Structure formats: C-alpha cells, structure tokens
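Participant: Here is how the chains run, residue by residue.
Number of protein chains: 2
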Amino acid sequence: MNQFKPPLSSQPPSQDRFGLRLSVPPSLPHYISPLSPIAFLLRAALIFPNKAAIIHPEKGIRFTYVEWAARCLSLAFAIKNTANWKKGDRVAIIAPNTPMILESYYGILAAGGIATPLNIRNNEREIAYVLDHSGASVILVDEEFAHLVPEQLPSNVTVIISKDTGGKDGIDSDQYESFLHTGRQEWEKAEKQEIDRWGKKGKRGWELIEAPKDENTPCCLCYTSGTTGRPKGVLTSHRGSYLAACANAFEFQLTSDSVYLWVLPAFHAAGWTFPWAVTAALGTHYIIRKVDNDLIWNALRDHGVTHYCAAPTVNIGLVNHPKAQRLPQTVRVAVAASAPTAELLQSLENLNVIPVHCYGQTENYGPFVKRYMEPSWSKLAVQDRAQLIARQGHGFLVSDEVRVIKTGKENDSIKDERDLIDVEADGQEVGEIIMRGNLAMLEYYNDKVATEKTVKHGWLHTGDLAVRHPGGEVHIRDRQKDIIISGGENISSLAVEDEIASHEAVLEGCVVARPHEKWGEVGHAFIVLKQGRKLTAEELRQYCRSRMSKFAVPGYIDFVDALPKTSTGKVQKNVLRENLRQAKL
Amino acid sequence: MNQFKPPLSSQPPSQDRFGLRLSVPPSLPHYISPLSPIAFLLRAALIFPNKAAIIHPEKGIRFTYVEWAARCLSLAFAIKNTANWKKGDRVAIIAPNTPMILESYYGILAAGGIATPLNIRNNEREIAYVLDHSGASVILVDEEFAHLVPEQLPSNVTVIISKDTGGKDGIDSDQYESFLHTGRQEWEKAEKQEIDRWGKKGKRGWELIEAPKDENTPCCLCYTSGTTGRPKGVLTSHRGSYLAACANAFEFQLTSDSVYLWVLPAFHAAGWTFPWAVTAALGTHYIIRKVDNDLIWNALRDHGVTHYCAAPTVNIGLVNHPKAQRLPQTVRVAVAASAPTAELLQSLENLNVIPVHCYGQTENYGPFVKRYMEPSWSKLAVQDRAQLIARQGHGFLVSDEVRVIKTGKENDSIKDERDLIDVEADGQEVGEIIMRGNLAMLEYYNDKVATEKTVKHGWLHTGDLAVRHPGGEVHIRDRQKDIIISGGENISSLAVEDEIASHEAVLEGCVVARPHEKWGEVGHAFIVLKQGRKLTAEELRQYCRSRMSKFAVPGYIDFVDALPKTSTGKVQKNVLRENLRQAKL
Chain A
1 MNQFKPPLSS QPPSQDRFGL RLSVPPSLPH YISPLSPIAF LLRAALIFPN KAAIIHPEKG
61 IRFTYVEWAA RCLSLAFAIK NTANWKKGDR VAIIAPNTPM ILESYYGILA AGGIATPLNI
121 RNNEREIAYV LDHSGASVIL VDEEFAHLVP EQLPSNVTVI ISKDTGGKDG IDSDQYESFL
181 HTGRQEWEKA EKQEIDRWGK KGKRGWELIE APKDENTPCC LCYTSGTTGR PKGVLTSHRG
241 SYLAACANAF EFQLTSDSVY LWVLPAFHAA GWTFPWAVTA ALGTHYIIRK VDNDLIWNAL
301 RDHGVTHYCA APTVNIGLVN HPKAQRLPQT VRVAVAASAP TAELLQSLEN LNVIPVHCYG
361 QTENYGPFVK RYMEPSWSKL AVQDRAQLIA RQGHGFLVSD EVRVIKTGKE NDSIKDERDL
421 IDVEADGQEV GEIIMRGNLA MLEYYNDKVA TEKTVKHGWL HTGDLAVRHP GGEVHIRDRQ
481 KDIIISGGEN ISSLAVEDEI ASHEAVLEGC VVARPHEKWG EVGHAFIVLK QGRKLTAEEL
541 RQYCRSRMSK FAVPGYIDFV DALPKTSTGK VQKNVLRENL RQAKL
Chain B
1 MNQFKPPLSS QPPSQDRFGL RLSVPPSLPH YISPLSPIAF LLRAALIFPN KAAIIHPEKG
61 IRFTYVEWAA RCLSLAFAIK NTANWKKGDR VAIIAPNTPM ILESYYGILA AGGIATPLNI
121 RNNEREIAYV LDHSGASVIL VDEEFAHLVP EQLPSNVTVI ISKDTGGKDG IDSDQYESFL
181 HTGRQEWEKA EKQEIDRWGK KGKRGWELIE APKDENTPCC LCYTSGTTGR PKGVLTSHRG
241 SYLAACANAF EFQLTSDSVY LWVLPAFHAA GWTFPWAVTA ALGTHYIIRK VDNDLIWNAL
301 RDHGVTHYCA APTVNIGLVN HPKAQRLPQT VRVAVAASAP TAELLQSLEN LNVIPVHCYG
361 QTENYGPFVK RYMEPSWSKL AVQDRAQLIA RQGHGFLVSD EVRVIKTGKE NDSIKDERDL
421 IDVEADGQEV GEIIMRGNLA MLEYYNDKVA TEKTVKHGWL HTGDLAVRHP GGEVHIRDRQ
481 KDIIISGGEN ISSLAVEDEI ASHEAVLEGC VVARPHEKWG EVGHAFIVLK QGRKLTAEEL
541 RQYCRSRMSK FAVPGYIDFV DALPKTSTGK VQKNVLRENL RQAKL
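Sequences listed follow chains A and B, in order.
First residue of the first sequence? That's 1 in UniProt numbering, and the numbers climb one at a time after it.
First residue of the second sequence? That's 1 in UniProt numbering, and the numbers climb one at a time after it.
A portion of the hints provided could be inaccurate.
For identical chains, the list gives no copy identity; a pair is met inside one copy or between any two copies.
[What the hints assert, rightly or not] Heads up, simulated DSS-like pairs for lysine-lysine below, C-alpha to C-alpha not over 27 Å straight-line: (1) K290 - K163; (2) K213 - K448; (3) K203 - K59; (4) K415 - K453; (5) K406 - K201; (6) K192 - K415; (7) K200 - K453; (8) K203 - K415; (9) K213 - K415; (10) K406 - K192; (11) K86 - K203; (12) K192 - K5; (13) K51 - K379; (14) K200 - K415; (15) K213 - K189; (16) K163 - K213; (17) K453 - K203; (18) K201 - K453; (19) K203 - K406; (20) K453 - K213.
Note that these hints are calculated values from the structure, not bench results.
Keep in mind that this is a model prediction, so the values were computed, not measured.
Same shape as in the complex, but just chain A (with noise of 0.2 Å):
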C-alpha cells in the first residue's frame, strides 16, 4: 500500500498554492457563504493535506486529502469538458463502493451537475428507466457493472468505465483515470489562462469553481422505488446536504480521530450524506467493495474503524463471525431499517460495538431521526434496554420536530397546515409520519404528480405509520402497508405485482411482506390463475428473474383461488398478512 503512487490528476499542484476555496459568487453579500458540502473537502485538504482520506485495501489504493481534493478537481473539469454540458445535467454512477462513488459526491457537485447515484442491485430493465428519465449525459460506471449500462443510449452520452485502479497501473488502462487526466489538463489550461491575464492575482485549484449561488440549487437524484411501482428520483439540495451532513457528524460523533467503514452502499440515498459527513469532521473513509465479513473484521481490528452504517442482517453475520472479538475501540454502528433485538444488541456490546438507532428515508437525506439515549437506561436489563432502543425516536440536531399526525376519515377533510393534526403522545394512536425543513428533499424530479401526492400542505408526508409515545418520540408500528425490506433493499409490491400481472397466465396476484430470519422480509406471492392455466412456482419465479431484481423476485409463491377484498374491490394484504403471521409462518 505504501508504494502507491498517485497519477498525475490525483496530484496537488506543484505551485506553491492550490487555492483550495471555492470562489464566491460576487453577488453575495459577506455574510453569506451558501452551504455547499463541497467545503467539506476543502477544508479537510487545507487542515490535514496528509492525512489518509481514502483507503482502499482490496485495491491497494490510498490517497491524502490534498490528492483526493486533486482528484475531484479533476473530475469537475472532466464532466464539464464533456460534449454539450451544461449546470443542472445529471451524471450517473454505478458503482460499487469504490473511490470513484465517493469522489463522484464532490466532482460532479463542482462541475454544477447533478450526482445520480444508481442500485447495482437493479436489473438491467431497471437501469435502463433511470437512466431515460434522469435524461444523464454522462455514466460513470464500474466495470464490474457495465453489463447494466444499456447498449442503445442516445449519441449525446458519455459513458466512462472505472477498472477501480487508482491510476496505479497508469492511466492508459482505466478509462475513468485518463478522463481524470483530461479534467487535471482542462483545470491546468484555465489556471495558465487566469495567470496569463492576471498573474499572482489569478485563480488557481479550487478558486476556479464558483459556488452555487444559491444553496438550494439540486445537487443529488437518487432514484427511490419506495412507494410505488416506478422508481422515483429524490432530488435534494447543497443546503440540505450540508445541514444532513453537519447533523450526522456530530449525531454519531464523527471526529478527526474517527475511521468510517463504507459497509453501507455509497448508492443509497448519497451514502446517508456519510461522503460529506467523514470529510466534514476530517475522518478517514475505509472502503471495500463488497459486505465481505472477513474484510470487515480486518478492518476493526487492524485499522482503526471507529463507525459503520448496517442494517442488522449485517451485523448478526459479523458477530458469529470466528473472527468476532471485543475491540479495543469503541465502535459506533448506526441501524436502520429495524431496531437491534436484545440479543443482538447483548453481542455487539460484548464486542465494544454501540448500535445507534436511526430512522430515514432518501427523501429527507437518509437517517433524521434518532433514538437518544438516557443515562439510566445502561441499568436496565438488556432486554429492556432493546425494548427502549427499539423506537424510533426524535429528530436530529437540524431537523425539525418529527409529527405523527391523524390518517383516516379526519384526513380527508385536510384543507391547509391547521387541519394537520396530531396523534394523541399516548403509544397508542396511529398515524403517518410527517416532516418539513431542511431535511426534506425539495421534489420528486419530473414527477409532479408524485411530488403533490407527497408534500402537501407544505409537509413532507412518509407514508409510515407510527404512534408517538408520551416521551413525544416515534415508534413506527407498521411500515407503509405496500413494501418489502428485504436484507435493505426497499422492494414496491406493486412493482413486483405488475411484472408478475404481466404473465400471461396469471388472473391477479398479489405479493406481501414475510418476515425472514436472514433477509429481515421476503415478498410471499398469492398467486390467482387464469381459467384452465397453468403455471409452477419455479416457472414463474423465472419468469420474474427475468424482469426484476434478484432481492425482488418473491421467495415464497402461493398459488390461491381467490384474493380478500374489501367492498370496494380492493386486496386486503392485511388480511394476508394476518393469515401468514397466524400460520406462524
């Protein structure tokens, strides 16, 4: 790892100074800096040029924060030397995590362009739908993954693939290290032109870059299929990534001393704002490529890491992994997606790892809601302590109150902010989350429709069902009745539905969570034939392999005569739910 040289584009400047600011737009006046987490990085090259921002083992990859600074310049300059572009476009990542993923957070922010992260996990089909309507210019993808970039795209867009090297064998090798050189030669070129014109008064590095003169200009899409069968972008801002990532840093007491293991995918949701929120606080990423546990045990006992992002399948395999042992460091793990039981949360004390409980979703920037800890608790017996730790809880420093407001009849007469009402705090009532400010994304992207069915009243609405306890945090009790989390992944049952209606011999179907042991939920089919059809599960799970991702093919198929339905014709998945539930199944 020592031997490591970086390229060129990974390099400081060899002037004396790099200028590692942002320029201002001149309109402003000078109090106002706009919150853009691109200072993030800039302020860490300027404090610990040095210092390890990026290690990357399996590769052999290291670089300091001044190279990484380097290196996402010359990714600004590359994108925006790319034919046709202009601020606002999109650029797509599929990647992985690598370095590349991460730099994509600051170098496409600085070339005015929009960071549009994809799901390696989604089909080919999938891909292909976000790609068309994010409409990006240009793809950046690990070749590890370029069979998902479809081979028909329009002649206008660049599509860059990454080998992961680093630039260690050159750059003539990985395509994404000599687009790197060419941002780095564009970037030289303009700072000979400003020195040319002005001399020791022109602008060098970063200077070169103005900041968004307004904070609220987009800066993220990541594509959601949250809520219903069509993936949906989130698009969010400079100001609310900065504000997320200030909050996750000092929630989850990030500091300079603070290694961050990327076992979270860097594609979820901009990565939790973690590519801003290590930076901000000058921490070290450590990033792997795959969830591998022995990687991982490696990297808590021989380097370091002092936090990771993991739903509890994670955790539960690494705590029986042989290597398992207690650290001598304490760990800080943030959970989401379902609370830790008491035995798992009994394990990862034992091995100096503290769960933080943490609630989000990509539509307000990922975690926002945290479960504060009380002193007392720590005498309490650990299966009460999970009891506790397993709500949800408050909003984060930067976060507003998080409300749980009355669903049902008093819902439909809903005519402004006012008729928002709250459920009793009484552990009892249900009702939907809901959320405004600066952590809320500022739309579904093209999708008007979506938007309005999301923010109303100017409140962001989460679709999840939770009662508020009488400490006023939230406790959600049912997850938005039509997903499936599957091992992390958000799975829409009307997705999966329409694929499977789209067989010629089904009649209807209809898929609903199931709980599992290893993957948290499954998707449980219930399958109605057409007349005098046939169809085996086997057949139609390949049939559904064919069309959707692999976490999203339903892992049980039942094959019935009928569905329940309401009055009104509609399926009653609570009903089937209830059945499998009483079936113990």
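Once you have looked at the hints, place chain B on chain A.
Facilitator: Here is chain B on its own, set in the frame of chain A:
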C-alpha cells in the same frame, strides 16, 4: 435544591400539548426552515423535558428543559407586551451569569427582538452610551448592577430588575419574575383565543411564535470596544448564530452528557454562542454569578462539569487552587485571547483538563478558528506541544477558510476582491486576517463608516496581524496594535488616550500593552504634561477611574518629555513597546 418549585411562568402548560415548535411563515417552501437558534431549546424540551437545563447553585435554582422552554416563552410574551413593542426592537441585558441572561438569548429572539447584552464591567458613562446608541426599549437588569442604569431614560423605555430568585420567593418580590408572569398570562390569553376559534386546531405554546421568515434577520447586538474609541455594535443574525452554535457544539464535542460551566461572561459576544450550543447538544448549563475558584472546583469535582471557556489567567488561578485535583472525567476548556504556556498546559493535563486553543472576535460570533491537534503530538515534550498549540489554527466546521492578506503598499491599490493577495505560507510574512461567510457579522449597527472600514471587497477585515505556517494554520504575531487585552477584556488604547487627553494638565498621552503575569497585559501610559503643570500618577489614575472601566485604567504611568514620533507626526507605539521589552519590565 430539590425543594425548588418553579413559578407558574416557568411551568409547562397543564394541557396535554405544549406545541414545542415554531410556526413556519406560510410562504416558505416545505424544504426550508429558517435557521434560528430558538429551535435548539424547543428540541431539547421535546427530547429531554425533565433533564436539568440550568443549574444555578448559588441561588438553589434548577430548571428542567420543559420548564425553561415555558420560562423563555413567558419572557417572549412579556417583551411583546411592553409599550409600543415592535419587531426588531432592542432589549438590553445588564447581568452577570444568571438564568436571566441565558433565557434572554431565547426570549428576546422569540419576541422578534434583538438581544443586546452589555458589559457589566463598563462604567455608567459607557453603559449610557450603549443604551442610547442601541436605542433599547427594554432593559433587563440584575439588581447588583442596577446602579449602572442611567436615571434619565427616554420615557418609552421599560426597565425590569431581577433579583435572581427564579421565583422561589414568589413573584411579587422580584420584578423580573412578575414580568415573566405577565408574559405567561399573555401567552395563555393568546392560546385561549386560538382554541376558542379553532378548537383542537388552535395553536398552543410555542406555535404562537412564528420563525423569522428571513433567517438573516438580526438577533443579537453585542458591543465591542475592540478597535476604536467608541464601542461599536456588532449585529449578528439568526442564521449565523445557528450555524456558529452547531460548530461550537461539534468542535468542542458537546454531547447530551455534557455539563457546561459558565465561567465566560454570557454577555461576551453572546456567550460565544454557548447559550445555544450547549442546548443544541442537549447538555446542561451550570451557571455561577462570579468567577469564584472555590465554586468552580466544587462544580468540577462534584457536579460532573465537562466543559468551560476561560482565558489563561482564569486557568492559572484554577490549577493553583488548594482544591485542585485530577478529575475522573475529561474536561475540555476552550482557551482564547492567548495560548496556554507549557507550564499551564502541563498543569491542566495533569488535572485531566484538555485545553482547546481557539480564536475569534465578536465580529465573527466568538471563536471560529481552532487549533486542530495531530495524534503524533502526544509523543512530543510538553514545551514542543505548547509551541504547536500556540498557533491559532484553522477555521471551524461551517467557517470558510481564514485568510491572511498582504498589507502595506500592496494594500493601497486594492480595487476588488481579486486584489486581496494572500501572504506566503512561510511562517514569516505578516499580514492581516480576513474572513467572510456565515460566521461574519451583518454590520456595525447604525455605523456605516465603521462597517465600510471593516467590510471591504466582500471580506471582513479583523485588524489582527498574523502569519500562515506552511501547514496553512494562522498564527497571530501582533495584536491589532491599539488593543490591550487585560484579563480577557479588550481595552482600546485610543479610548483611554482620549480620556487622558481630556485632563487639563495633559499635553498628550499614549498607552501601550505591557505584559502582565496575572492579567496577560495591562496598559502602560506615557504622558507629556503641559508646560508648567504638575500631576502625579495617582491623581491621573483617580481621574481615569471616574471615566472608564476599572480594568481599562493604566496599570503603569510614566511622565516623559516627549513621545517618539514618525516624520508625519504619528506616535511610534512600536518603539515604546520595544523599549518596555528591552527594559524587561
């Protein structure tokens, strides 16, 4: 202390719902909540209602967060109820560290006013000047300092005197408490109107307060005697205060386990934003009226204090106190004004107190620069470590880069931002510290001339001279030449000279800083008498005492025949300082 029962004004409402959120101006989009530090209090009251927000041991007062939220809301309504109150009005506070001054940073802001804390070490004349200049329409004054309030005040000014009882002796004997009581009545009246009209949908408690639509709305006016004779009013905003508080909470690692001891006067630069930062972190304020080493050691030893801010002089007193002992908890102390010596650093570390060296001015919300430690320093000898820590360092989280620009000749031709040229980062070239962005004040209140002198070409000029080391960190080499910093107080030598010059026997005088073991610096005056006139040092000191704050009275007075001057007639203070240095006084 357990017996303390808060009065009605400081009790949460008996209704089931307090409404611990601000109303949002209806014209704002769902993704914007104006950044305002008021939000921190409401969040703390929601998450930890029954946790101690304020402990005030000398008076046996203790408010929980929900009580404190009620109290601050009562204050807001009491202020709104004063004669002719309108948004943007100034409310002066003349108080030592007490619950009142901390609550003023919430209650005044919530009333739409501008909190204007006065320096209780100023004399009557200075106080009168500031009251007049700010045009404060309400004055909140602690009984001990009531003599500072001028007898002659405009008829529309409301003066409220606090006995710092917290209402425990009933509200009639303490004007401030009965003021709060009227506020509570006003708030309940407003709530009743809402409920009469809207029923369940009626706004409650804090919902009766609307957040400022524009987050750049001024919220504090802190007078500094920093750079010229007359105090100048530093006007700061809700947005800046919010961001500065987040940064301070993060940089000093405040958490919900933190207990912050109020050693720093809360009137200094809005208490360096700690009235908000501690609450943002959900910590506890431990507040004492006087810097009493005995009280401080009790707090450190027996009340779990984890943080405080104090100049080196205060810390010297603490380490030499008979009660000094190694603490079980790590305590972080923010040290500004001057760096701790090697001896002090060692003494503090022996006690488990970790100094964090920081730098800032009232003009940038108190500290905004910090010396970031590197892990390798722990291996260095304490002398070497002290030398490294002595550098002021780099900008905080949320701060932009702190620049040091060339002064002198090159400064004369400055036409625009581009002409601001950075000094070499060589640890040698001295220049002026400039900064801009979210931690820069709005302006000097009602002082266009001073504002234009300080804010030039889009940057706030601090007047402090510094070098930048190759690591980019800022290192102050010379205080702005006219300033004497004594016991943490800025003394304008120009202001003192003006007063001295007003003595009929004095021809001219000049005051420079002289190093002082206890106070850091004291003023040393060089006086030329008018021909044939006589004056003793004691007589002149007496004259000064009647005209300025005690700390500003020169500690040393020399009568000389003439002052060293430049060819253009300017007094060469550098020569006088050099003389003092050579004389090893």
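Participant: Against this structure, judge whether each hint is valid.
Facilitator: Structure-based check of all given hints:
1. K290 - K163: within (15 Å within a copy, 64 Å between copies)
2. K213 - K448: both (25 Å within a copy, 26 Å between copies)
3. K203 - K59: neither (35 Å within a copy, 58 Å between copies)
4. K415 - K453: Cα proximity of K415 and K453: one copy only (14 Å, versus 52 Å across).
5. K406 - K201: between (60 Å within a copy, 12 Å between copies)
6. K192 - K415: Answer is between: at 23 Å across copies they meet the 27 Å cutoff, but 59 Å inside does not.
7. K200 - K453: Answer is between; shortest inter-copy Cα gap is 25 Å, intra-copy 54 Å.
8. K203 - K415: Intra 53 Å, inter 16 Å, cutoff 27 Å: inter-copy only.
9. K213 - K415: Intra 35 Å, inter 23 Å, cutoff 27 Å: inter-copy only.
10. K406 - K192: Answer is between: at 23 Å across copies they meet the 27 Å cutoff, but 62 Å inside does not.
11. K86 - K203: within (22 Å within a copy, 46 Å between copies)
12. K192 - K5: within (25 Å within a copy, 71 Å between copies)
13. K51 - K379: This pair counts as between: shortest inter-copy Cα distance 18 Å, intra-copy 40 Å.
14. K200 - K415: Classified as between; 15 Å across copies, 60 Å inside a copy.
15. K213 - K189: within (25 Å within a copy, 44 Å between copies)
16. K163 - K213: Classified as neither: same-chain Cα gap 35 Å, cross-chain 49 Å, threshold 27 Å.
17. K453 - K203: Between copies, since 26 Å is at most 27 Å while 46 Å is not.
18. K201 - K453: between (51 Å within a copy, 23 Å between copies)
19. K203 - K406: between (56 Å within a copy, 17 Å between copies)
20. K453 - K213: between (30 Å within a copy, 26 Å between copies)
The structure is inconsistent with the numbered hints 3 and 16, although it conforms to all the rest.
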